[in-house]
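Visitor: Sequence:
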Amino acid sequence: MTRFLIKTAVNGIIVVACLWLFTNASWTSAILTTLGLTVIAYLIGDQLILRATNNVTATIADAVIAAIYLWAVSRWLDWPLSFGELIITVALLGVAELVYHRFLGIYDHNRIKKEP
1 MTRFLIKTAV
11 NGIIVVACLW
21 LFTNASWTSA
31 ILTTLGLTVI
41 AYLIGDQLIL
51 RATNNVTATI
61 ADAVIAAIYL
71 WAVSRWLDWP
81 LSFGELIITV
91 ALLGVAELVY
101 HRFLGIYDHN
111 RIKKEP
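If you read the sequence shown in the numbering used here, its first letter stands for residue 1, the second for the next number, and so on.
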């Protein structure tokens, strides 16, 4: 649960700020969009891909998921999110995901070392 909350906070800071800055999204719709993205990215990127592969692959998968999801939501809600703004948002998320996945690896490694 802690991992999901950390991912939600990290994604929330980036996505809500970018959607608010780049589009006419309300705070509520930006937060709901972030929650939807976080659930999808956590289940696919962190629970499936990261466990089966490595940090770089999971980060790329999270970035692709975010790009497709944010593009689809912006079209559905008629937000004026340009391709460049989408790339900026996804790049920021990618860097944050890389750090997040690295943190998970260090956390898991340290936790395993401490267990008897």
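Calculated from the structure, these hints are not laboratory results.
Please read all numbers here as calculations on a predicted model, not as lab measurements.
Keep in mind that a hint or two might mislead.
[Said to hold, decoys possible] Pair ranges (Cβ atoms, derived):
1) Leu-35 to Val-64: 17 to 23 Å
2) Leu-77 to Arg-51: 29 to 35 Å
3) Leu-92 to Thr-53: 20 to 26 Å
4) Asn-54 to Ile-13: 22 to 28 Å
Yeah, the Cβ is synthetic: ideal placement off N, Cα and C, and Gly gets one too.
Visitor: Hints first: check each against the structure and report whether it holds.
Guide: Each hint, compared with the structure:
no.	hint	verdict
1	Leu-35 to Val-64: 17 to 23 Å	19 Å, holds
2	Leu-77 to Arg-51: 29 to 35 Å	32 Å, holds
3	Leu-92 to Thr-53: 20 to 26 Å	22 Å, holds
4	Asn-54 to Ile-13: 22 to 28 Å	25 Å, holds
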